[in-house]
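J.: So the chains spell out like this:
There are 2 protein chains.
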Amino acid sequence: MIAAHRLMQAFNRLDVDDAEELIDTRLWNCGILSIEERHALRDAMLTAKSVPAYTDLIREGDDTGSLFIVLSGWACRYATTNAGARQLSAIMVPGDVGNLGSLMFDRLGYGMRTLTKATVVALPRQRALTLAAEHPGIGRAFTWLSLIENAILSQWTLSLGRRLSIERLAHFLCELSARLGAERDNQSRFAFPLTQETIADMLGLTPIHVNRKIQQLRASGLVVNVDRTMWLPDVARLRALGGFDPGYLHLGGPQITQII
Amino acid sequence: MIAAHRLMQAFNRLDVDDAEELIDTRLWNCGILSIEERHALRDAMLTAKSVPAYTDLIREGDDTGSLFIVLSGWACRYATTNAGARQLSAIMVPGDVGNLGSLMFDRLGYGMRTLTKATVVALPRQRALTLAAEHPGIGRAFTWLSLIENAILSQWTLSLGRRLSIERLAHFLCELSARLGAERDNQSRFAFPLTQETIADMLGLTPIHVNRKIQQLRASGLVVNVDRTMWLPDVARLRALGGFDPGYLHLGGPQITQII
DNA sequence: CGAATATTTGAGGCCTATCAAAGTGAGTGG
DNA sequence: CCACTCACTTTGATAGGCCTCAAATATTCG
Numbered sequence: 001m002i003a004a005h006r007l008m009q010a011f012n013r014l015d016v017d018d019a020e021e022l023i024d025t026r027l028w029n030c031g032i033l034s035i036e037e038r039h040a041l042r043d044a045m046l047t048a049k050s051v052p053a054y055t056d057l058i059r060e061g062d063d064t065g066s067l068f069i070v071l072s073g074w075a076c077r078y079a080t081t082n083a084g085a086r087q088l089s090a091i092m093v094p095g096d097v098g099n100l101g102s103l104m105f106d107r108l109g110y111g112m113r114t115l116t117k118a119t120v121v122a123l124p125r126q127r128a129l130t131l132a133a134e135h136p137g138i139g140r141a142f143t144w145l146s147l148i149e150n151a152i153l154s155q156w157t158l159s160l161g162r163r164l165s166i167e168r169l170a171h172f173l174c175e176l177s178a179r180l181g182a183e184r185d186n187q188s189r190f191a192f193p194l195t196q197e198t199i200a201d202m203l204g205l206t207p208i209h210v211n212r213k214i215q216q217l218r219a220s221g222l223v224v225n226v227d228r229t230m231w232l233p234d235v236a237r238l239r240a241l242g243g244f245d246p247g248y249l250h251l252g253g254p255q256i257t258q259i260i
Numbered sequence: 001m002i003a004a005h006r007l008m009q010a011f012n013r014l015d016v017d018d019a020e021e022l023i024d025t026r027l028w029n030c031g032i033l034s035i036e037e038r039h040a041l042r043d044a045m046l047t048a049k050s051v052p053a054y055t056d057l058i059r060e061g062d063d064t065g066s067l068f069i070v071l072s073g074w075a076c077r078y079a080t081t082n083a084g085a086r087q088l089s090a091i092m093v094p095g096d097v098g099n100l101g102s103l104m105f106d107r108l109g110y111g112m113r114t115l116t117k118a119t120v121v122a123l124p125r126q127r128a129l130t131l132a133a134e135h136p137g138i139g140r141a142f143t144w145l146s147l148i149e150n151a152i153l154s155q156w157t158l159s160l161g162r163r164l165s166i167e168r169l170a171h172f173l174c175e176l177s178a179r180l181g182a183e184r185d186n187q188s189r190f191a192f193p194l195t196q197e198t199i200a201d202m203l204g205l206t207p208i209h210v211n212r213k214i215q216q217l218r219a220s221g222l223v224v225n226v227d228r229t230m231w232l233p234d235v236a237r238l239r240a241l242g243g244f245d246p247g248y249l250h251l252g253g254p255q256i257t258q259i260i
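Line order of the protein sequences matches chains A and B. So in the UniProt record's numbering, the last spot in the first sequence is 260, and the numbers never skip. So in the UniProt record's numbering, the last spot in the second sequence is 260, and the numbers never skip.
It is worth saying that the hints were derived from the structure and are not from the lab. For every residue, glycine included, the Cβ atom is placed at its ideal position computed from N, Cα and C. Some clues are possibly wrong.
What follows is a list of derived Cβ distance ranges for each label pair [to be verified]:
{"no.": "1", "chain 1": "A", "residue 1": "N225", "chain 2": "B", "residue 2": "G61", "range": "48 to 56 Å"}
{"no.": "2", "chain 1": "A", "residue 1": "T206", "chain 2": "B", "residue 2": "T130", "range": "45 to 53 Å"}
{"no.": "3", "chain 1": "A", "residue 1": "G84", "chain 2": "B", "residue 2": "R212", "range": "24 to 32 Å"}
{"no.": "4", "chain 1": "B", "residue 1": "R218", "chain 2": "A", "residue 2": "N225", "range": "42 to 50 Å"}
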């Protein structure tokens, strides 16, 4: 077991030339925050650090003192069975908050780790709570993010429980593509750093099976991936295969922000 | 398709002798609310109605105008694949709020229906938002509930993705038992109104397979169920089988309520 | 360039699904 | 009080999707 302070040593102070560029997060952009709330939030987020790939930010069962916001790179939340099998319960792409639960829980029941080299802000819980209390919009933004996550998790249960492996894969690629905002004219292209083993742990499959289904997707002309880049030549057809409807992601931001 | 106003007709005005008894909800009891916040919430919850079993409160894709709080009886959230397979993404027992997403989304992407005859409060979204804005504790309680749901959903993905059918079943029974507060001295006994088909839709299995695994659990002496009552004679052993640890449910209420 | 990591291929087996039908129990109406 | 119906549970046999074990090939990175 690595002690918490050892974990912190994994962080390297980050040289930040343009802080503005780093705070392009879903929290920042969700359309809820006022100008002054953005300022308050930005000040809290200037402590970004760089973290290597496959580094635990939270270990299962750990006390969690901070909210982790992923500014660049990818990360995930995961849990493991007694038998040692791992299942991801969320995947974070640049802009996502990883462990909203830490806002109110001292113990999470899951771990969080980077999947690539990443830039991460550790926002101390007390700081986050103070922000939320002093700036109602920030509190509402946290709630909004949490509700989005629940919607995504609900879709994951549908995939895990009731969809065939190739449908899960298709649905997942569609979700990722939509969340990354990578689509244009029924096509999508984006950097894709995940290993097939990670995909397997996300979809509840074995890496071997994931491999075979990716090949099947390639053979259908629905996926072209070379050199860690994903190209989806026919998003509509992939969506049909995965039963994907982007509505649940609420990518346009909250429609309902008015409080009478 | 049944129009929304038709749905409302399914509600029957409820005679409420003792309103206090009806508001024993997780929202009410989570330990966050002040006295006056409780009063404000109670006033909003006096409109409880009775709903028959297997009645949709929200249909998939519907606009949702109200938060549904289940006072008695059981309900669930569900989604279906294009092929028509159904997967539950949440189960609501007395005291649960069913569709927190409706706080901020006009469209949910899942349905919500009763599983038994139930008493339900329909709290209009605007009313809920006003309550949350005027009483910070109520807003925080909503956030807290949403984070709990998130934790439960994360556990479900672990079950659906990585646990054998009998482990899923064991884990689910343990979760239910804990949420119902039915445990004492390593035993648990509670009313259990679910059909095996509903359990199957929750665990991502077929009803036939659920039946066989329940029999296996009976043969192991871990489950005794007769007459819609569930008796778990050895909770510890069932937990070990399901890999269940109640921590994620945060049944003690939030440890962190202070805002400095 | 060499070691470690990731992807790909092959063969066999298990868990769960599917299809079909019998048994059980609660509620209804005569 | 007893047929009758409907829904749920249970049983049996077969099939299929995905897993497991094993190893070869390709790619990444120091």
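J.: A separate judgement is required for each hint: does it hold in the structure or not?
T.: Hint by hint, here is what the structure shows:
| no. | hint | in the structure |
| --- | --- | --- |
| 1 | N225(A) with G61(B): 48 to 56 Å | violated (32 Å) |
| 2 | T206(A) with T130(B): 45 to 53 Å | holds (50 Å) |
| 3 | G84(A) with R212(B): 24 to 32 Å | holds (26 Å) |
| 4 | R218(B) with N225(A): 42 to 50 Å | holds (48 Å) |
This entry does not satisfy hint 1, going by the numbered hints stated previously; all others are met.
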